[in-house]
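Participant: Now for the letters of each chain:
2 protein chains.
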Amino acid sequence: MNAPALAPSLRRPVPQACLDALAARFGDRLSLNASVREHHGRDESPYPAVPPDAVVFAESTDDVVAAVQACAAHGVPLIAYGSGSSLEGHVLAVEGGITLDVSRMNRVLSVNPDDLTVTVQAGVTRKQLNNEIRDTGLFFPIDPGADASLGGMAATRASGTNAVRYGTMRDNIVSLTVVTAQGKVIRTARRAKKSSAGYDLTRLFIGSEGTLGIITEVTVRLYPQPEAVSAAVCNFPSVDAAVAAVIQTIQMGVPVARVELLDTATVRALNLYSKLTLRETPLLLFEFHGSPAGVEEQATTVQEITREHGGMDFEWAVHPEDRNRLWAARHNAYFATLQLRPGARASSTDVCVPISRLADCIRETNADLARASFPTCVVGHVGDGNFHVQMLLDPDSEAEWTEAETINRRMVRRALDMDGTCTGEHGVGLHKMQFLAEEHGEDALALMRQVKQAFDPLNILNPGKILPPPTR
Amino acid sequence: MNAPALAPSLRRPVPQACLDALAARFGDRLSLNASVREHHGRDESPYPAVPPDAVVFAESTDDVVAAVQACAAHGVPLIAYGSGSSLEGHVLAVEGGITLDVSRMNRVLSVNPDDLTVTVQAGVTRKQLNNEIRDTGLFFPIDPGADASLGGMAATRASGTNAVRYGTMRDNIVSLTVVTAQGKVIRTARRAKKSSAGYDLTRLFIGSEGTLGIITEVTVRLYPQPEAVSAAVCNFPSVDAAVAAVIQTIQMGVPVARVELLDTATVRALNLYSKLTLRETPLLLFEFHGSPAGVEEQATTVQEITREHGGMDFEWAVHPEDRNRLWAARHNAYFATLQLRPGARASSTDVCVPISRLADCIRETNADLARASFPTCVVGHVGDGNFHVQMLLDPDSEAEWTEAETINRRMVRRALDMDGTCTGEHGVGLHKMQFLAEEHGEDALALMRQVKQAFDPLNILNPGKILPPPTR
Chain S
1 MNAPALAPSL RRPVPQACLD ALAARFGDRL SLNASVREHH GRDESPYPAV PPDAVVFAES
61 TDDVVAAVQA CAAHGVPLIA YGSGSSLEGH VLAVEGGITL DVSRMNRVLS VNPDDLTVTV
121 QAGVTRKQLN NEIRDTGLFF PIDPGADASL GGMAATRASG TNAVRYGTMR DNIVSLTVVT
181 AQGKVIRTAR RAKKSSAGYD LTRLFIGSEG TLGIITEVTV RLYPQPEAVS AAVCNFPSVD
241 AAVAAVIQTI QMGVPVARVE LLDTATVRAL NLYSKLTLRE TPLLLFEFHG SPAGVEEQAT
301 TVQEITREHG GMDFEWAVHP EDRNRLWAAR HNAYFATLQL RPGARASSTD VCVPISRLAD
361 CIRETNADLA RASFPTCVVG HVGDGNFHVQ MLLDPDSEAE WTEAETINRR MVRRALDMDG
421 TCTGEHGVGL HKMQFLAEEH GEDALALMRQ VKQAFDPLNI LNPGKILPPP TR
Chain C
1 MNAPALAPSL RRPVPQACLD ALAARFGDRL SLNASVREHH GRDESPYPAV PPDAVVFAES
61 TDDVVAAVQA CAAHGVPLIA YGSGSSLEGH VLAVEGGITL DVSRMNRVLS VNPDDLTVTV
121 QAGVTRKQLN NEIRDTGLFF PIDPGADASL GGMAATRASG TNAVRYGTMR DNIVSLTVVT
181 AQGKVIRTAR RAKKSSAGYD LTRLFIGSEG TLGIITEVTV RLYPQPEAVS AAVCNFPSVD
241 AAVAAVIQTI QMGVPVARVE LLDTATVRAL NLYSKLTLRE TPLLLFEFHG SPAGVEEQAT
301 TVQEITREHG GMDFEWAVHP EDRNRLWAAR HNAYFATLQL RPGARASSTD VCVPISRLAD
361 CIRETNADLA RASFPTCVVG HVGDGNFHVQ MLLDPDSEAE WTEAETINRR MVRRALDMDG
421 TCTGEHGVGL HKMQFLAEEH GEDALALMRQ VKQAFDPLNI LNPGKILPPP TR
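Chains as they are written, first to last, in the UniProt record's numbering: chain S, 1 to 472; chain C, 1 to 472.
The reader is advised that the hints may include incorrect statements.
Unchecked claim - Which residues of chain S face chain C? A few of them, derived with a C-beta cut under 10 Å, are:
hint : residue
1    : S208
2    : I250
3    : A265
4    : Y334
5    : L338
By construction, these hints were calculated from the structure, which means they are not laboratory data.
All values derive from a computational prediction rather than experimental measurement.
Virtual Cβ for every residue (Gly too), placed ideally from N, Cα, C.
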């Protein structure tokens with residue numbers, strides 16, 4: 001697999017003294033094993049693995065400090081690694097160095113049900129968190145497709161299906177504990193719900209993809225489990241009609257908890273993979289949270305809206321089992337669609353536009369996809385104006401990769417022309433760096449570079465990510 | 001008035017060449033008039049005025065660029081000024097220089113009702129905005145006490161009574177246009193609802209109080225005007241009982257739009273100032289937004305909660321006139337309480353704590369206030385764990401200022417001990433600088449200083465604010 005092409009290797013040497021220092025501290029939690037390195041050199045993106053020189057397994061913030069100090073002393077790159085589920089090449093060791101695996105930092109440190117907050121170590125995953133707090137009657141809503149770690153979700157400013165109602169990681173993180181490039185441990189904020197006390201370091205680290213500091217603890221907001229939940233599926237004659245229904249729902253201020261678009265190809269894949277019997281047309285998957293009366297009121301309103309837009313078969317999933325099965329299927333969409341072409345790898349793109357332009361953006365993108373020489377699927381967190389295209393590619397065909405990259409570039413430029421963003425929730429990683437200047441302008445990008453330079457002057461933290469090399 | 005004491009003057013010279021450059025560009029929109037300078041050298045804080053050397057009235061982003069360039073060329077301080085309603089000395093020209101008044105930048109630039117966004121110039125005030133968009137059926141919820149400018153509200157990360165439901169400026173700003181200290185114009189984000197594309201410059205400028213760049217345009221989220229609104233007043237036997245009712249309301253997830261605490265002194269002041277007949281006990285002022293059935297459901301739940309906590313007289317304000325009168329009175333609380341002691345100036349403090357500690361924090365603070373030698377009032381956006389104390393001081397009594405500062409320091413330290421913040425919404429300005437190291441730690445403060453140094457290496461943007469001088 002040759003594409004998307006990586007820049008010629010910029011690997012920096014890792015001096016033996018650095019490895020010795022790490023070995024002294026970490027013992028057998030330092031691994032030079034080829035398969036361990038290979039595993040940590042890739043994510044769910046189509047990029048081929050670029051393994052680090054070694055992998056260190058951290059179990060505490062102190063461990064992270066030790067790893068940062070060893071790398072800082074020798075100018076060695078250090079790449080934070082949570083669950084490896086990122087989609088844009090975030091964790092590839094493009095300049096070599098050490099990968100810092102925080103998945104063993106998996107303790108829930110303190111639950112504060114009265115304040116609706118919880119503090120966890122960075123390696124705790126979203127499913128683990130919700131399992132551990134179930135008895136409190138609270139839940140954490142942010143749900144990217146994978147069972148990602150909270151640290152990784154913070155680092156990529158992740159969101160998911162519930163963001164339309166509950167917001168993204170940006171909105172739901174109260175405070176972070178971060179190890180700086182100098183090996184200092186800071187806490188970015190207190191646990192108060194709001195503050196005007198100084199620069200928003202919390203938000204600066206959220207979405208910084210490990211390039212400004214290593215997140216070791218995360219305090220997030222929790223929500224009372226809704227008294228009532230209902231879900232519904234509605235088929236539509238076209239993607240256009242489905243999107244029009246969503247736009248009207250949002251504009252009327254109906255507080256839907258989730259509204260997901262699946263195109264026909266995705267529905268077909270889910271039926272195959274998750275043994276469902278969904279009618280194979282574009283469909284919207286809704287979820288409503290609230291009091292029993294509130295949920296019924298929302299659902300009635302939405303049902304009327306869908307009918308106006310040609311929606312058919314507004315079908316309820318009332319039983320929790322049915323509902324969970326449906327949403328589990330939605331979360332497995334990525335893996336399900338992979339089965340549409342055995343042996344394929346997916347290029348999964350991600351744009352977000354103002355919702356008034358969503359129908360245009362998807363329609364124009366579909367015109368491109370109709371001409372593609374490989375299978376594609378469209379799914380979307382459409383209530384936020386965010387959608388994804390999965391392109392199922394033959395890993396050995398350079399022609400297909402080139403074609404996919406052309407579609408991706410056209411889709412991103414289309415989103416930017418509509419005042420949208422090149423990534424709604426996946427992050428920049430390696431793959432979206434090429435669009436950052438176009439999205440933000442060179443002067444804003446220069447400010448971002450100044451932040452990076454100020455926080456990490458040796459450029460040891462996940463180097464070669466987010467910020468493209470200056471062109472002027 | 002001598003206290004709170006200002007550091008010895010650090011005024012920097014303003015070279016004639018700088019004034020000449022400004023005069024050439026701004027003509028009679030450059031003012032050296034003493035009363036204009038005096039007016040721009042103070043805010044609503046108790047600090048005595050520290051006037052700038054000159055005031056420039058900007059009418060466009062280009063004007064702001066010109067002012068920044070003139071100041072940058074001569075190393076002259078430049079202080080952005082919106083409506084002058086800040087409370088912690090934000091706009092005082094403590095190092096001299098030029099004040100940049102943006103109040104004439106008061107145009108609503110584009111309303112996008114389909115996307116629930118609006119873009120305004122920085123000088124547009126919150127009331128003006130809501131007047132201009134009334135016909136769209138949408139509204140902008142953030143409402144600090146004063147009719148502040150959107151630019152100022154962004155710069156101080158303001159919130160207000162609706163934040164418990166709609167969030168703060170942090171949550172509601174989509175994008176900013178900012179003039180950097182180098183005179184470059186950047187836009188911090190696209191108009192998509194969410195993005196993972198790079199460092200969050202938007203949030204970095206929000207709350208930066210004019211020290212990192214000059215905000216010239218603000219794009220904010222709007223909300224559909226709720227179908228139904230109702231308000232209610234409930235008296236309580238004690239502040240403790242009222243706060244306990246609020247905590248339970250929040251913990252149950254009731255989506256109240258507003259819940260304000262007023263102590264007995266404040267209620268008395270409102271009755272006098274706004275000619276109301278509220279019963280003079282601690283009270284909570286609620287507002288509910290939603291569908292007619294949803295509002296009724298919320299109100300019923302809250303009424304039950306208040307009853308459990310000894311609430312009396314759950315009284316409805318059903319008619320919009322009654323409701324608006326009540327909320328107008330609440331917004332005038334600052335001015336109303338000033339009347340409790342004619343000739344007094346108010347020291348208005350602001351802390352925010354995790355809601356589980358709110359009752360403790362207010363109770364311990366009230367013990368201090370009971371011993372104060374001047375009138376005091378407590379009001380709070382208690383749903384957020386945020387409350388204010390107004391201390392009505394004789395401007396000529398140094399003893400009273402010293403006493404007030406002691407109470408303020410004790411209150412802030414109490415909030416910090418409870419994992420709270422030294423300011424929930426007023427900002428740092430001059431008055432809270434002393435607590436920033438305690439709140440964030442020296443290492444986090446060092447990062448903030450690095451951001452300031454990177455963005456404004458000449459230290460011309462509102463110097464002497466937010467960041468205390470390093471102690472090590």
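Participant: In ascending order, which of the hints set out earlier in this document are inconsistent with the structure?
Facilitator: 3, 4, 5
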